[in-house]
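Chains as they are written, first to last, in the numbering used here: chain X, 1 to 254; chain V, 1001 to 1478.
Hint data in this document are derived by calculation from the structure and do not stem from the laboratory. Just so we're clear, the structure is a prediction, and the values are computed from it rather than from any experiment. Some hints here could point you the wrong way.
Straight-line Cα separation of at most 25 Å, PhoX-like style, residue types lysine-lysine; simulated pairs [unchecked claim]:
1. X:K151 <-> V:K1451
2. V:K1374 <-> V:K1343
3. V:K1352 <-> V:K1374
4. V:K1042 <-> V:K1138
5. V:K1343 <-> V:K1226
6. X:K151 <-> V:K1343
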Amino acid sequence: MLTVSDLRAGIADNEILRGISLTVNEGEIHAIMGPNGSGKSTLAQVLAGHPAYEVTAGTATYDGEDLLAMAPEERAQKGLFLAFQYPVEIPGVTNAYFLRAAYNEIRKARGLDETDPLDFLQIVEDRLKLVDMDPAMLNRAVNAGFSGGEKKRNEILQMAVLSPRLAILDETDSGLDIDALRVVAHGVNSLRRPDNATIVVTHYQRLLQYIVPDYVHVLAAGRIVRSGGKELALELEAKGYDWLTEPDVAGAPA
Amino acid sequence: MSSTIETLVNREYQYGFVTDIEADTLPVGLTEATVRLISQKKGEPDFLLDWRLKAFRRWQAMREPHWANVTYAPIDYQAISYYSAPKNTKPLGSLDEVDPELRRTYERLGISLNEQKRISGVAVDAIFDSVSVGTTMKHELAKLGIIFCSFGEAVREHPDLVREYLGSVVPYSDNFFAALNAAVFSDGSFCYVPPGVHCPMELSTYFRINSAGTGQFERTLIIADKGATVSYLEGCTAPRRDTNQLHAAVVELIALDDASIKYSTVQNWYAGDTEGRGGIFNFVTKRGKAAGARSKISWTQVETGSAITWKYPSVILQGDDSTGEFYSVAVVNNRQQADTGTKMIHLGRNTKSTIISKGISAGHGNNSYRGQVKVMPRAAGARNYTQCDSMLIGNQCGAHTFPYIEVGNHTATVEHEASTSKIGEDQIFYCKQRGLNAEHAISLIVSGFCKEVFQNLPMEFALEAQQLLGITLEGSVG
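Modelling step: build the complete structure from the supplied sequences, incorporating the hints.
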């Protein structure tokens, strides 16, 4: 589904990703872990097409197409979803309106008719339960005045409504208490299908107790320094990141 | 950014065309003789000519105000023609007699002068350069006793009403531009709603400047008698030209006991090109007097056009328990400058005013909110709430707020809230990541920002305003 090959990217002259290669297939959950500043969030943003980052080398193919050549909205319309680490506030625009606009843009791009507000409400109400959200949240402005936990939950609600093919969760666990973490994880697990995939970007192993990955990749200084199964996450929890980021190991191929 | 954005930035002003029509235009220059000639052309009674002449003499002694936060090259008042009218505009028996060329012009502007096409139940007075070319729905309204006609016709048919109310809210001596208008105003709209009548449709004036080198100086006078209600809309466009044109209008509203007037404007004058060449100077005095007890005057404005906007729709809250409202969205892009806001003057007891101002600045635009809230000693229990929000798009524009608050009664409550925000790349990227393109994202973010104002516009206008805003701002992020 997604094949990233020797991807290099950064901001201005500051190279952050220094040759990332990664393959994600249908039905898989990949965890990307690593210390602060290793480039985890940059990778998520680059895959989603954030204009602040410049890709200097490498390729990314998504369902056989050149992902990097697509505009961010096109990637979204083709089913790539990023749950933001810092969801953005849009005052005056209700959550319901925003969600429906997004839902319909994606439908339009696929040649489907727009969904009218009443039908849409049904779809959303169904999904609200998944993330244990109060329907009143739909009438509040997008993320405006939301608590940290509410914002993260709202990201998962959007994901549930838009049902992406490839979801990237960027530190969705940061700032969540254990109850919120369970709710978010439950949402993500319920949305898992044989034909979609998820990339979970996280600093801590904690989230991976609830969302069990098929593969774990450790990122350090812009490179994947170690890949493995879910047991790698446990090893990291016990040993920390330092043993992987020693200079002699960092250069090793993934 | 993308090439679509590029096209959108360079999108032409949609209403920039010129109508080729033979016009009766006065030579440039302004003397007492000009004032007399305008009055004579309109066949006015003596009281009006006297009033014009007093205004003209007063104007000559006045100086153009320069306190607003705008800059422009000096205006040569002797280089402007003060009157231009399409030829053959003798009083028409019916709208079917309107010159076909003019009718086509209004149709291109989306305004039908055809009595048969009663779209959305709006009555329209169409003002072309200096004169009204037709008013629709007049007869329907007349059945209810509502007078809706051009100012010229009101002077002929209802001189007593005009005499009683003209200048009663904005005296000719009020300010430089109001005095100029009083001296040379050529036409405008007039409306009177009799006691207890609720006007069943939106009344509307559509202003069109066509001729080059002319100014447009029109006057609107709206009177809602006791217990009457009326909702009024105003729209404006002009051709693209490289030179600036002056639009100095006066609007007076009078609401008697228990009456209510809602006045909405969607202003889309030509704003000049991206380098700031051309465009309308919109120097307008708008004021309402909530004269009666429990009366209400509400201004809603969406200001997207003009090279320079200098405009403060205000309310004098004279009657006890009267209400004044001001809802405003002012957008500047490219080199546009706007200095706009309101004045709420509380005279009566328990008077209440609300000000919601949304300023949006993009490109090299400069946007100032200037508002005065004045509570006079007698206005016990007066309340004002002001909310003044600015949004910046890009990093070369400016937003300024100048609130003036004077409270002369200790039982009054005055609240002022202000905020400034910036549409960021992150907000747009967030929307794009959800599948929305840049255009859609900006219009979504901006309409969210303006929500409290848009919900006060009549339905058809709200949609138009939202689209207009989208067009004005497209391509300003990137």
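The hints, checked one at a time:
At most 25 Å may separate the alpha-carbon atoms for a hinted pair to count; K151 (chain X) and K1451 (chain V) meet this at roughly 22 Å. With a CA separation close to 8 Å, the supplied pair K1374 (chain V) and K1343 (chain V) stays within the 25 Å bound. For a cut-off of 25 Å, the pair hint linking K1352 (chain V) to K1374 (chain V) stands: about 12 Å separates their Cα positions. For the given pair, K1042 (chain V) sits about 21 Å from K1138 (chain V) by alpha-carbon distance, which is consistent with the 25 Å threshold.
Pair hint K1343 (chain V) plus K1226 (chain V) holds up; C-alpha atoms about 24 Å apart against a cutoff of 25 Å. For the given pair, K151 (chain X) sits about 40 Å from K1343 (chain V) by alpha-carbon distance, which is inconsistent with the 25 Å threshold.
The structure does not agree with numbered hint 6 stated previously, though it agrees with all others.
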